[in-house]
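Following the hints, complete the assembly by docking chain B onto the known chain A.
Number of protein chains: 2
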Amino acid sequence: MTNPVLVEVLRGAVVESGHRGAVSVFDADGKPVWELGDTARPVFPRSAVKAIQALPLVESGAADAYGFGDRELALACASHSGQPAHAELADAMLAKAGLDRTALECGAHWPMDHDATVALARTGGVPNPLHNNCSGKHAGFLCTCVHTGIAHRGYVKAGHAFQELVRDAMQAVTGAAHDVDHCGTDGCSIPTYAVPLKNFALGFARMATGAGFEPVRAKAAKRLFSACMAEPFLVAGTGRADVALMQAAPGRIFVKTGAEGVYCAAVPELGLGIALKCDDGAGRAAEAMTAAVLAKLLRADEALAAKLIEQANPAIESRIGAKVGSLRPTAALS
Amino acid sequence: MTNPVLVEVLRGAVVESGHRGAVSVFDADGKPVWELGDTARPVFPRSAVKAIQALPLVESGAADAYGFGDRELALACASHSGQPAHAELADAMLAKAGLDRTALECGAHWPMDHDATVALARTGGVPNPLHNNCSGKHAGFLCTCVHTGIAHRGYVKAGHAFQELVRDAMQAVTGAAHDVDHCGTDGCSIPTYAVPLKNFALGFARMATGAGFEPVRAKAAKRLFSACMAEPFLVAGTGRADVALMQAAPGRIFVKTGAEGVYCAAVPELGLGIALKCDDGAGRAAEAMTAAVLAKLLRADEALAAKLIEQANPAIESRIGAKVGSLRPTAALS
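Heads up: the sequence lines are chains A and B, in that order.
Residue numbering for the first sequence follows my numbering, starting at 90 and increasing by one per position.
Residue numbering for the second sequence follows my numbering, starting at 90 and increasing by one per position.
Chain A extracted, bound-state conformation:
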């Protein structure tokens, strides 16, 4: 099936581009609440499932052993912008386990945040693995390995004992088999498994409610969600959509972006999980789709819905800062 156009890009009065996608909203009992497009198609969740991938960090007792609070747990679930606060905290997490940045196998890249890149260059610096947007997740992985006695070398590889722990958590939470035929490699070198989009919606409803989880998992999921909602800057960075969306209603909205236009989200008070993917992989469209879906689900709170609708319609500016267009969710999302 052909997914519907969910976001249009306007320049002046003309639709310049359009983004198709699929959206799935589930409750924790496995009931689909809202489905748009083909939600059965296998999708790589990429970084959108970092909160699930962080479950072993909490469940193993590693987080407690190293004294991790909201800040560290938020960073473990982050695709951060590589700003100094992010890189320094990832470094501090590694130090708690007696490691340093040389243990990270995620690779290095310049900070996602442009000002951070300029500042790093100004001081003659070069990026190291701590600036990688996934360094907090990897620091959490390494801390878990050290705490549980798993030899950490090669921890990014499919089949490594630690990645099998992560895969077990992913399968249990989403209810979908993660098989080798649907395995790809993420930008930070860990395996990512394509499963039906709707399974991520179900998984995030479970994460938000704990429904169907053993008490240890339910508590760990709640703790990770609370941490991200308390420290959204550490989950993303300056000017990022995830920060704006979680700050729109502190403690009431969880969102997490993934590469190639994926979002996973949850509204704990409604017991709902959300997963969406923009067909073409565009982050700008996935952000607008997520804001529009949240506005619809939370429409009973009119002030909040208005704020979210504004975030679903971001302006496009010229190089002198004049508004020349905007993104606009289509009727399918309203």
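Careful: at least some of the hints might be erroneous.
Just so you know, same-sequence chains aren't split out, so a pair can sit in one copy or run between any two.
Below 20 Å or equal to it, Euclidean Cα-Cα: the simulated SDA-like pairs (lysine to any residue) are [stated by the list, open to error]: (1) Lys385 to Ala197; (2) Lys246 to Ile405; (3) Lys120 to Arg408; (4) Lys412 to Glu177; (5) Lys412 to Val269; (6) Lys412 to Cys272; (7) Lys385 to Trp123; (8) Lys246 to Gly101; (9) Lys412 to Gly248; (10) Lys412 to Gly273; (11) Lys412 to Asp270; (12) Lys185 to Asp268; (13) Lys246 to Val413; (14) Lys246 to Glu406; (15) Lys246 to Ile409; (16) Lys396 to His203; (17) Lys246 to Gly410.
Just so you know, the hints here were simulated from the structure itself, not pulled from any lab data.
Chain B alone, transformed into the frame defined by chain A:
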């Protein structure tokens, strides 16, 4: 109508994302040679038509008066990467007309080339309008104004005498009315008009052949095309697709990218013009589509076609440089 998927994005063995689009190939007599998708839909050409927008620079005699050769004319048609050679040449062009960067109304942004941004930051620099990817086009605009006695202030605005000159050229070359209802503002503040995609294919066939043009225009078009094909680095920059495509067959392929997934191109030896747009605006997909279309049109030259097919299937790498996926044109393009 729904445009076909023209490029898929693979990660491992799984299709992660897909890009739809439309392609139009015309000869200079107005005969469609190959059409895919909805080529009648109005599309903003953005920067893909800079060679047409540079016609007044040559036709007015300004280029000759200021002694502009291939390098300056290539930069006038460029969306350059803001590397030192680009910024310095734009500055030199302005100086020929007695102007400097303060006359540019395009706005400033950090160089598109990441290494150039880092180098600028390292020396404590900040971007100025010369680093704007459109500064060469704007320098050409300003030189034309000064040479022809048009007061240049406000030269970016729709309705300004200079923009009317550009609009006249655009209408004559494409054969499509450029009306106010389909006018948007480009990132560099000049007007851009949405007209049917197929009219750009026709226009670029005419630019490549001079068919139907007065001798002055035919000569100017040929000179601009020759300049771009002789100096592809100045049209784009290090590592850019436009450079690779034009260098694949020096003097035989003209290509120019535009924002939001547009490409205009021509194969002078075949007398053909090409215009395409990726529906969702993705540059990565538009590049692959352009390479695939050129490979098909030039398939008689097997070595060249093989090189172009390679460019149509670029690798996707992880942060440690491992190949984890690739783009792949679909059967519709082969």
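For Lys412 vs Gly248, is the C-alpha pair at or below 20 Å within one copy, between two copies, both, or neither? between (50 Å within a copy, 19 Å between copies)
Intra/inter-copy verdict for Lys246 and Ile405 if alpha-carbon distance must be at most 20 Å: Between copies only: 18 Å across, 40 Å inside.
At most 20 Å between C-alpha atoms: does Lys412 with Gly273 qualify within a copy, between copies, both, or neither? For Lys412 and Gly273, only the inter-copy Cα distance (11 Å) is at most 20 Å; the intra-copy one is 39 Å.
Check Lys185 against Asp268 for me: Cα-Cα at most 20 Å, and say if that holds within a copy, between copies, both or neither. neither (34 Å within a copy, 65 Å between copies)
At 20 Å max between alpha carbons, let me know whether Lys412 reaches Asp270 within a copy, between copies, both or neither. between (46 Å within a copy, 17 Å between copies)
Give the relationship of Lys246 and Gly101 under a CA distance limit of 20 Å: within one copy only, between copies only, both, or neither. between (48 Å within a copy, 14 Å between copies)
Homomeric proximity label, Lys396 with His203: Cα distance no greater than 20 Å: Close neither inside one copy (26 Å) nor across copies (35 Å); limit 20 Å.
Same-copy or cross-copy closeness of Lys246 to Val413 [CA-CA at most 20 Å]: This pair counts as between: shortest inter-copy Cα distance 13 Å, intra-copy 46 Å.
How do Lys246 and Ile409 come out at 20 Å by Cα distance, when the copy is not named: within, between, both, or neither? Between copies only: 13 Å across, 46 Å inside.
How do Lys412 and Glu177 come out at 20 Å by Cα distance, when the copy is not named: within, between, both, or neither? The answer is neither: 36 Å in one copy and 30 Å across copies each exceed 20 Å.
20 Å Cα cut-off: does Lys412 pair with Val269 within a copy, between copies, both or neither? between (47 Å within a copy, 18 Å between copies)
Pop the pair Lys246 and Gly410 into one bin, within, between, both or neither, using alpha-carbon distances up to 20 Å. between (45 Å within a copy, 15 Å between copies)
Of the numbered hints given earlier, the model fails hints 1, 3, 4, 12, 16; all others are met.
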